[in-house]
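As a plain string of letters, each chain reads:
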Amino acid sequence: MAALLRPARWLLAAGVPPRLPLSLRFLAAGPGRPRVVSCLPAARARPFAGELLNQARLYAIAAERKNDLEENSSHRRNASFPRRDTDQFSWALMRLDTSVRRTGRITKGLLQKVFESTCHSGNPSGNQALLLLRSCGSLLPEISFKERTDFVHKIWDRLQELGTVYDVSHYNALLKVYLQNKYKFSPTDFLAKMEEANIQPNRVTYQRLIAAYCNVGDIEGASKILEFMKNKDLPVTEGVFSALVTGHATAGDMENAENILTVMRETGIEPGPDTYLALLNAYAEKGDIDHVKQTLEKVQKSDLYLMDRDLLQLIFSFSKAGYPQYVSEVLEKITYERRYIPDAMNLILLLVTEKLEDTALQVLLACPVSREGSLTNFGNFFLRHCVTMNTPAEKLIDYCKKLKDAQMHTTPLQFTLHCALQGSKTDLAKTLIKALKEEGFPVRTHYFWPLLVGHQKERNVQGIIDILKAMREVGVEPDQETYVNYVLPSFDNVESVRVLLQENECLPESTSFGIAELRSEAVKGNLDFVLSFLKSNTLPLSFNSLRKSLILGFRRSMNIHLWSKITELLYKDGRYCQEPPGPREAVGYFLYNLIGSMSDSEVQANEEHLRQYFHQLKEMNIKIYENIYRGIRNLLDSYHVPELIKDVNILVEREKRDSQKTSSDLEATLEKLKDNNQPIGDVLKQLILTLCSEENMQKALEVKTKYESDMVVSSYAALINLCCRHDNAEDALNLKQEFERLDSSAVLHTNKYVGLVKVLGKHGKLQDAINILKEMKEKNVPIQDATLLSFFHILNGAALRGEIETVKQLHEAIVTLGLAKPSTNISFPLVTVHLEKGDLLAALEAMIVCYKKYKILPRMHDVLCKLVEKGETDLIQKAMDFVSQEQGEMTMLYDIFFAFLQTGNYKEAKKIMETPGIRARPTKLQWFCDRCITNNKREALEKLVELTQNLFECDRDQLYYSLLKLYKKNGDWQRADAIWNKMQEENIIPREKTLRLLADILKDNNQEVPFDVPELWYDDDEHSPNSSPRPVDPLTEKAVLNACQQRKNRDAYNIFLRAQRQNIIFSSDTYRTLTQLLLLTDNFTQAIEVKMAAETHIKGFTLNDAANSFLIIAQVRRDYLKEALTTLKTALDLDQTPSKLSVTRLIQAFASKGDVQSVEAIQKMVSGHDSIGLSGMIFINNIALAQIKNNNIDVAIENIENMLTSGNQTIESRYFGLSYLFRKAIEEQIEPAVEKLSIMAERLANQFAVYKPVTDLFLQLVQLGKVDDARALLQAPVLNSLLELIPELREKEEAYTSAMKTYVLDNDVPSAKMLYKYLTAKNMKMNDLFLKRYALLLKNAGEPVPFIEPPESFEFYSKQLKESKENPS
Amino acid sequence: MAASVVRGALALCTNFTRQVAFVQKIPWTATADELRKHFPHFGHITKCILPFDKETGLHKGMCWIYFSSEEALQNAVQHENHVVDGVKVHIQVQKPKILQGDQTSDERERFLR
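Those protein sequence lines, which keep their order, are chains Z and X.
Residue 766 in UniProt numbering sits at position 766 of the first sequence; the count goes up by one each step and never skips.
Residue 62 in UniProt numbering sits at position 62 of the second sequence; the count goes up by one each step and never skips.
Please note that the accuracy of each hint is not assured.
[Stated by the list, open to error] Facing chain X, a subset of chain Z residues (Cβ under 10 Å, in silico):
1. Gln414
2. Phe441
3. Tyr486
[Stated by the list, open to error] Under the rule of at most 30 Å between Cα atoms (straight-line distance), these lysine-lysine pairs were calculated in the DSS-like manner:
4. Lys95/X x Lys434/Z
5. Lys95/X x Lys853/Z
6. Lys54/X x Lys469/Z
7. Lys548/Z x Lys95/X
8. Lys95/X x Lys524/Z
9. Lys457/Z x Lys54/X
10. Lys524/Z x Lys54/X
11. Lys779/Z x Lys95/X
12. Lys437/Z x Lys95/X
13. Lys402/Z x Lys88/X
14. Lys1322/Z x Lys54/X
15. Lys425/Z x Lys47/X
16. Lys404/Z x Lys47/X
17. Lys37/X x Lys404/Z
18. Lys404/Z x Lys95/X
19. Lys95/X x Lys402/Z
20. Lys60/X x Lys146/Z
21. Lys60/X x Lys404/Z
22. Lys401/Z x Lys47/X
The set of hints was computed from the structure by calculation and includes no laboratory data.
All C-beta atoms in this analysis are idealised placements derived from N, C-alpha and C, irrespective of residue type, glycine included.
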């Protein structure tokens, strides 16, 4: 508040001194003197005056709007729609206000935006209209007078259309804008217009009309109105006189202009700064510097004061009238007041707008800006505006030089170039770039990109060539990026670019164009080009450098044949894998990235393509390394297409591997080997591992002792872990030492180190444990969140056992080694160990030590509670003194308050809350609330809410929300209901989330909700309707949820296992989340385990929609179809909506097993569940497929035909998509089915004019590479109808060749002509066979052939075509 | 290359503690090259991403620099004056994002197992 009061006090103390800003001067004037500031035209016009007034106006409007809003919102809380618009409007208004306040100007864009959003808001109010109209004058120094006036007219008309009712204030505002913009208009017409609208002009209107007359020197007109005003007894103000000064001066009568001042005095009005300014401007416009000087002196001698902005106005007048030579004399008189810079900037902008840039620069250079600190740049606004106003390049370059010389700007040329580029001023930019080069600055390739972008948008080929030439001129070589991103996209094909560049001598000698060509074609998916390029290429190219573009291209064109060809070439050709890692690495990495770049749905959709690809690679004898294979495997796993893993696996180059054997087998083998004196290393390693996995420690140790000399590091690691698991500290330590002796640099896995620390600490081998910790540090063992948790448990275990020294030393070691930060959590055990022993003094001291060392206070609350319980007043005092000294009194008060609440000492707690000066600490309060909720401390929480009722700045709603959360947990609707009333009593307006929560509680308990529930627009993440109060462990549960959130499935699962062992039960939501995560990460068995655990703990536990969907998918994948069907049934019974994908997969799985009944069962189950979004075709396809699988092909076909030909069709024939059925039949090579299906498709097309099936079949054949079959289909008479249906088909080579053949056979010249025309128009390359046929047809018909007929025979071309199909180059 | 795959995987793993600096206010005249020349003074950088807007042909003055070590990152961030092309740029540690994807530690183990 003090801060708010300060400026006011300053104002009051200052009184009304002459040096107050202009607008305040007017505000300070008595009520008898009406405000006249706004009645002057150019003189005292806007950029230099009146921000504060404007501002006040803006504020006032803003405030009104805000009131409207509040009224609205209190009436209709849910009225989100109108609110959004008004919000948007007030946002725009605020921007306008800020802009005026900070700079004294508005940009056109901003005004435009506000105008649009005002129009958008429907019915603009009078205030909004006023605001917009008033903004169109001198607040827009960057826009020419004419444009401003046009804009104000546009606003005026548009708002009127929208129903805004104008009053006199609007007309006056319009007049003012006219004056500011020196707009010539007829005052009498204006008055007539007002009269027509039935609006009475007022004094301000007359004053402004006088000014309008005076501006053009029409004293007669002005006098008429003046006369009129006198008759009406309207007061004549200073403003009128100032206007008259201008009027006489404009009429050329300076003498009378001067005389006005005398007249004024006679009528009792002393000339003020405005009048003098009018006079000064009048002299300036005449170029009369002497009189200006005299007048200025006169003003100085009087007690009047002209401000800098008045002088700036004078500069404008001189300059505009063509006397720039006097500008420097005025500049000398400037005193550089605090608000000078924005005013000067506005003048500079205005001068540039008026094409008076030289004066603008002069004013700019005179600006008092700090030139120290070489990195400050001033003048950007000037340069930018010059560029916008098309100032000539030579001038600009000169300005840049001057700015730089004056140390105002470090990089003016670069900045100007930036502006030119942004404004697409190509010529200016080119000149500036040359200037930059001449100045010795680097000219970089990307400077030209914005220019290329401009031409690219218009596909202006010549423009692009010109830019490339310009680049050449300044010696900049376009790089690959330039070609790929900015040049090539403008051309239809690469070849034409090459030719064009060559013609214009722009083709670079470097390789960049060639590579760019390749990259850009690759990205387009033109793999044919890529392959031929790579075959003939001589440029140095590596596989890796092409990776990104190739991947994009592969994904664009799913031509597996070309995929493999290209991969093979890159793999086998020495040109592309010269770098050391070699082709095997490169291909592996490429495959990894290829799959990684695809989305999971993409991989799923193209599963079959990828499979073919991998198999083709296999045939080409391409191999990848196993480690990369693992990466790919993980990817496929995470995409839920594990089915593909086996197909990648065939590419792996692997070492031989023994299949699993039991320990006894291995032992026998081992002994045999030993007897034969053969090496036993591998078998021994396996045996140890097997024994470890069998958890046979005794035997494992025996084997180790027996074959000690053949032991390897990894075996030791496994053994160490085994001993730790079996709590065998002695052997673990020995093994660790032997391990060390074997290889001192070997590093164990983090978990094994942690296991060692744990077991050693437990067995009192403190020093050894610490040594392990040290080793972890030295060897830089990675520490993860789980490791930190393990550290905590090690320490906490020791604390619970009461081992003070162990806790202390291990903690010390962990923290000082930097293995863990000394957080509150990890330091808990330091205090716990004393609390467990009941030694409160020691606990308190341990805490204080912690604070001194690490600035943390672990278990403060618990210690305090214990102290309060035991009534240890002295110790409480000690603790409190410490806290208030270290953390402040407020913290101390809260700590003790919570301790009292926790221990049920409510009276004492109440006293604390009555401490004067206590105020809300939201985070602390929330902490206690959460604690109460998790520990189900209802009474403590209720007391907290009760006692904080009068707490200063307390967020009551939030506290009630917490209380409701607890009630919800307990299903306590009666108490929740009471809260509703209590909140009304307390006059609290609940937030939406609180209302929703309350409504949920009531609804869950079948109670009526007594208020409108705000609707949810997003899915609330917390809904656990059926969780009942149970022993939940917050720490563990939170850990699970955290792990889930970070998608650490393994951590989460481990915590779950631990919780199971300790009999800790989670809430249903937690189980659900965990199950879902595990399913998502494809840990099926674990997920089922969690689900079963949840079912045993929580009666009626169910998974949610998403989890059930995942479950179905996982079950389908594992071929547990019956179980999946049960899951689906459960989900549907619960009225859930399983995902479309899950149901689809289940249906397809049954179909491929030929299980018609199950598919039909699902159809029955999901009927009515339309939200799943299954298409009706899925059942038709799959039932047919299932029937086909059962060798009931005829039944399947009969059914389909009936559906398509019977009168009552459920699905329209054009939506009757059978692609899936066709694809499956073709893929699985069910030959009779394929045959019968194609007969059916043809029959449907020929006899029933149902074309969809034949089209689908055709496309499937083409997609699956069965081109011949597709062609056969085309030669059937259905072809023409097909082409009519899908004209794009003609672009396929198979299609158009066959089409031409049919036309020749039918002697159908017109159709053939049309086809030829179509293909030529599309710029398609036609093969020779096609041309030969066409030529023959034309010749037979006696028509001219418009091209050279291919000379060879039909057989030749047909053979050629066939060959080229077989070996595409 | 195997190493690079593993490195890629490791980079993936250490994603939320990866050493990335977010640089702002880069002058329009600079490209990734200029940044690559400037930042090695503070430590090895593995990647520098300065996205260009294909609609305007200009970049947006923001860049991500991947350092190979935490130390290098800290060196760079703690340095007061970074001047690129005569303009002072603003640098900060890229705020960590929670990794989208499978559990990181698992992923690494699967890779190295």
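Results for each hint:
A hinted interface residue such as Gln414/Z counts as satisfied when its beta carbon comes closer than 10 Å to some beta carbon of chain X; here the least separation is about 5 Å, so the hint holds. Interface hint status for Phe441/Z: upheld, as the beta-carbon distance to the closest one in chain X is roughly 8 Å, under 10 Å. Taking 10 Å as the C-beta cut-off, the interface hint given for Tyr486/Z holds, the closest approach to chain X being about 7 Å. The hinted pair formed by Lys95/X and Lys434/Z fails the criterion: a straight-line CA distance of about 41 Å is larger than 30 Å.
Of the supplied pair hints, the one linking Lys95/X and Lys853/Z holds, its CA atoms being roughly 29 Å apart against a limit of 30 Å. Taken as a hint, the Lys54/X and Lys469/Z pair is honoured in the structure, with Cα atoms around 21 Å apart against an allowance of 30 Å. For the suggested pair Lys548/Z and Lys95/X, the alpha carbons sit about 27 Å apart, so the restraint of at most 30 Å is met. Proximity of Lys95/X to Lys524/Z is assessed by CA-CA distance (about 36 Å); at most 30 Å being required, the pair is judged violated.
For the suggested pair Lys457/Z and Lys54/X, the alpha carbons sit about 11 Å apart, so the restraint of at most 30 Å is met. Taking the CA atoms of Lys524/Z and Lys54/X, the gap is about 17 Å. The hint holds against a cut of 30 Å. For the suggested pair Lys779/Z and Lys95/X, the alpha carbons sit about 28 Å apart, so the restraint of at most 30 Å is met. Distance check on the hinted pair: Lys437/Z and Lys95/X sit about 39 Å apart at the alpha-carbon level, beyond 30 Å; violated.
Between Lys402/Z and Lys88/X, the direct Cα distance comes to roughly 22 Å. Compliance with the 30 Å bound is thereby established for this hinted pair. Taking the CA atoms of Lys1322/Z and Lys54/X, the gap is near 28 Å; set against the 30 Å cutoff, the hint holds. The hinted pair formed by Lys425/Z and Lys47/X fails the criterion: a straight-line CA distance of about 34 Å is larger than 30 Å. Proximity of Lys404/Z to Lys47/X is assessed by CA-CA distance (about 35 Å); at most 30 Å being required, the pair is judged violated.
For the given pair, Lys37/X sits about 26 Å from Lys404/Z by alpha-carbon distance, which is consistent with the 30 Å threshold. Between the alpha carbons of Lys404/Z and Lys95/X the distance comes to roughly 38 Å, so the proposed pair goes past 30 Å and is violated. For the given pair, Lys95/X sits about 43 Å from Lys402/Z by alpha-carbon distance, which is inconsistent with the 30 Å threshold. In summary, the hint linking Lys60/X to Lys146/Z is not supported, as the alpha carbons are separated by about 34 Å, beyond the 30 Å threshold.
The suggested pairing of Lys60/X with Lys404/Z holds, with an alpha-carbon distance near 25 Å, which does not exceed 30 Å. Of the pairs offered as hints, the one joining Lys401/Z and Lys47/X is violated, with about 37 Å between alpha carbons and a cut-off of 30 Å exceeded.
Hint violations for this structure: numbers 4, 8, 12, 15, 16, 18, 19, 20 and 22, all remaining hints satisfied.
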